[in-house]
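Engineer: Spelled out from the first residue to the last, the chains are:
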Amino acid sequence: MYFIVSSLIILSTPAPAAAGTVPTSDQLKALLTQVDDNGRSNSSHVVMSMRVQTKRFSRKMKMESWSKGKEHSLIRLMDPPKDRGVATLKVGDKLWNYLPNTDRTMRVPSAMMSGAWMGSHVSNDDLVREYRLSEDYTYAMAPGSASLGSERYTIRCTPKPETPVVWGHIDVTVTAKGVPEKQEFYSEKGKKVRTMTYSDVKEVSGIQVPHKMVIQPHDKPNELTEMVFHSLKLNIPIEDSRFSLQALRD
Amino acid sequence: MIFRMALRNLIRRPMQSFLASGAVAGCLALIIWTCNFQDGAWVLLMDDTIRASAGHVVVQADGYQDAKDSNLLVADSSAIATKIRQQNPETTVMRRLILGGMIASPENSVAVGISGVEAEAEKAVSQIPKMMVDGEWLEAGTSGQVLIGTTLAKRLQVGLGDKVVLTVSYRGELQALPFRVAGTFTIGNASMDNFFVLANLPTLQEMLPGITDPATMISVQVEGYKVPAGLKASVREAVGDGPEVLRAEEALPELFKAEELDKIGGYFMWIFIGILASIGILNVLLMSLFQRTRELGMLQAMGMRPSGLVQLLLTEGFLLGVFGALLGFIAGLAATYPMVEYGIDYGMINNQAPVSGVALNTLMKAVYSWDKMAIWTGFHVLLAVLASLWPALRAGRLEAVESMRSQ
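Quick note, the sequences are listed as chains A and B, same order. Anchor point for the first sequence: position 224 equals 238 in this note's numbering, and the numbering is continuous, going up by one each time. Anchor point for the second sequence: position 22 equals 55 in this note's numbering, and the numbering is continuous, going up by one each time.
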């Protein structure tokens with residue numbers, strides 16, 4: 015859940031580099047720290063839709079999500095009717111799924127973390143992995159970033175040797191105000207594997223938030239997962255009990 | 034006298050005698066060949082499986098045998114292994130850590146079974162080092178290496194030196210570490226080539242929080258596959274109370290049950306084949322009896338008693354059996370020889386291994402099971418005598434006058 019919601023809820027705080035200048039390493043770190051921290055320390059309630067397009071099926075879902083910090087989140091499907099009530103709860107690095115048809119709650123074991131979440135291009139593992147771009151990666155301006163002008167930067171984040179991520183590097187394109195526009199994920203061989211594109215930026219509670227995200231796997235050019243926020247509330251009080259196994263079934 | 038008459042009678046009808054003893058020989062040769070091959074295959078299968086998946090005696094956390102729960106681990110495994118070695122210096126002791134988890138590359142992620150092994154010790158007993166397609170076996174003392182099957186490598190779209198991330202779960206906590214592919218292997222078993230991941234034990238141990246020097250099993254191994262009497266008690270004494278200590282038969286009951294069932298099935302088949310051979314002898318002797326009724330009547334007229342006729346026919350059956358068994362024994366040995374020397378590579382049917390998760394040597398060789406060959410040879414002679422019993426008894430009931438009139 016964090017992956018989905020906080021990837022979109024990137025809070026816009028003062029930009030680390032003044033427009034028209036090339037950010038220094040410290041400024042890049044500050045920018046990435048903002049990206050890491052913003053959204054994680056806030057609570058949110060979101061109503062969103064998700065469209066999954068694969069070569070075998072096309073599926074559209076509407077869902078409601080609550081999150082609190084980086085540890086807790088709950089997503090419940092509202093539509094289509096046959097899937098209504100299907101829910102996913104994340105507490106720390108633990109993940110549970112609830113299927114109302116069988117009235118069963120299932121803890122997602124490590125062996126199933128590779129499975130696609132709700133049939134999308136997001137895996138269960140993506141939902142629970144939390145690595146900080148500013149700490150678990152080394153970073154520098156990506157080659158060609160200057161051609162973007164002074165309003166946006168592309169930062170190349172390369173995982174440190176001990177960081178357990180599969181990527182060779184991630185190119186993060188952010189505006190000078192810290193709003194993400196694109197993340198491109200590369201293998202170590204330099205092959206672009208996945209692109210996440212952010213758009214439809216709207217201000218919510220004084221914060222610039224992209225309301226649309228598209229995940230495009232490059233080995234499957236005709237496939238994508240698209241998430242759109244319909245309503246978003248930030249920094250609202252949410253009880254911890256919202257993120258319990260009991261609440262998962264409610 | 035009777036023996037010479039019986040021998041002469043058989044030589045007088047060479048084609049019939051040859052066919053009858055040939056049937057015995059053919060059946061015995063087939064039985065000897067299959068029996069030797071079956072024994073050889075099982076020796077190999079048992080040896081590989083016991084070494085790779087348990088041990089002649091295995092130490093596991095209490096309850097692991099029934100639950101097969103990867104959270105049930107033996108702590109301080111190195112200290113326990115050392116005690117076992119000190120108490121049983123003639124044994125090889127090695128540790129394994131077996132976990133379920135996930136392996137991920139940029140292209141894909143797959144659920145896998147992960148084995149943490151002691152590189153050098155495992156290399157000596159595992160078949161996988163002989164099945165490496167690319168790269169090298171794990172290097173002791175290095176961290177961050179994994180070996181994966183070629184099918185899995187293809188799914189992950191990774192090759193030598195590429196990064197993968199292993200995720201395991203222990204007591205509800207997910208742990209992940211990056212690894213490099215140090216080698217790929219092809220076992221020939223589709224599920225294993227797509228499922229099995231090997232890593233150095235110490236590296237995998239680091240992924241499990243809150244337990245010191247954990248292992249799923251401590252395997253105690255000896256030469257051959259028979260478990261020495263007293264080994265379990267000795268290991269139990271070294272380990273003390275707590276972990277469960279099991280003999281191979283207890284740790285791998287399905288393997289021993291499969292061997293037993295296979296051998297029982299073989300015995301039934303071979304007895305049936307032996308009976309078919311004896312029907313050939315029965316047929317030849319009955320025909321011979323009908324053809325020689327006048328001759329047998331003549332023998333009675335010359336003073337041979339009915340019991341003499343019975344003995345004559347029984348001796349003929351015995352000689353046919355001995356001759357056929359001798360031929361069959363030699364033919365069986367000859368057929369076994371190339372199987373012992375060269376064997377058969379049965380990689381195509383390797384999926385039939387009775388215990389999953391074991392890399393087996395696909396080159397099956399026969400062994401000379403001398404005791405079984407002797408028993409089956411004697412059994413065929415006995416069957417030949419039994420098959421001649423009915424014709425012999427009929428011959429003993431012949432009336433001399435009636436027989437003399439026979440054409």
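Keep in mind the hints are simulated off the structure, nothing from the lab. Just to be clear, a hint being listed does not mean it is correct.
One side of the interface only, derived from the structure: several residues of chain B facing chain A at Cβ under 8 angstroms [what the hints assert, rightly or not]: (1) E140; (2) G174; (3) A209.
Here are the in silico distance ranges between beta carbons for each label pair [to be verified]: (4) B:E153 to A:S213: 54 to 62 angstroms; (5) A:P251 to B:P286: 53 to 61 angstroms; (6) B:K156 to A:M92: 53 to 61 angstroms; (7) A:G83 to B:T175: 47 to 55 angstroms; (8) A:G83 to B:L294: 52 to 60 angstroms; (9) B:K156 to A:R121: 47 to 55 angstroms; (10) A:S72 to B:A157: 32 to 40 angstroms; (11) A:K205 to B:A367: 57 to 65 angstroms; (12) B:A108 to A:S213: 50 to 58 angstroms.
Glycine included, C-beta positions come from ideal geometry on N, C-alpha and C.
Engineer: Evaluate each hint against the coordinates.
Structural biologist: Results of checking the hints against the structure:
The criterion of a C-beta within 8 angstroms of any C-beta in chain A is met by B:E140, whose closest approach is roughly 6 angstroms, and the hint holds. The closest approach between the C-beta of B:G174 and any C-beta of chain A is roughly 18 angstroms, which is over the 8 angstroms cut-off, so the hint fails. Against a cut-off of 8 angstroms between C-beta atoms, the interface hint on B:A209 holds, since the closest Cβ of chain A lies about 4 angstroms away. Checking the proposed 54 to 62 angstroms range against B:E153 and A:S213 shows it holds: the Cβ atoms sit about 56 angstroms from each other.
A:P251 and B:P286 have their C-beta atoms about 58 angstroms apart, which keeps the hinted 53 to 61 angstroms range intact. Checked against the given bound of 53 to 61 angstroms, the beta carbons of B:K156 and A:M92, roughly 56 angstroms apart, stay inside it. As the Cβ distance of A:G83 to B:T175 is approximately 38 angstroms, the hint placing it in 47 to 55 angstroms is violated. Against the hinted window of 52 to 60 angstroms, the Cβ-Cβ separation of A:G83 and B:L294 comes to about 58 angstroms, which satisfies the hint.
Taken as a hint, the range 47 to 55 angstroms is violated for the pair B:K156 and A:R121, whose Cβ atoms sit roughly 37 angstroms apart. Judged by the Cβ atoms, the range 32 to 40 angstroms given for A:S72 and B:A157 is violated: they are separated by roughly 54 angstroms. Taking the beta carbon of each, A:K205 and B:A367 are about 59 angstroms apart, inside 57 to 65 angstroms as hinted. A C-beta distance of roughly 52 angstroms is found between B:A108 and A:S213, which places it inside the suggested range of 50 to 58 angstroms.
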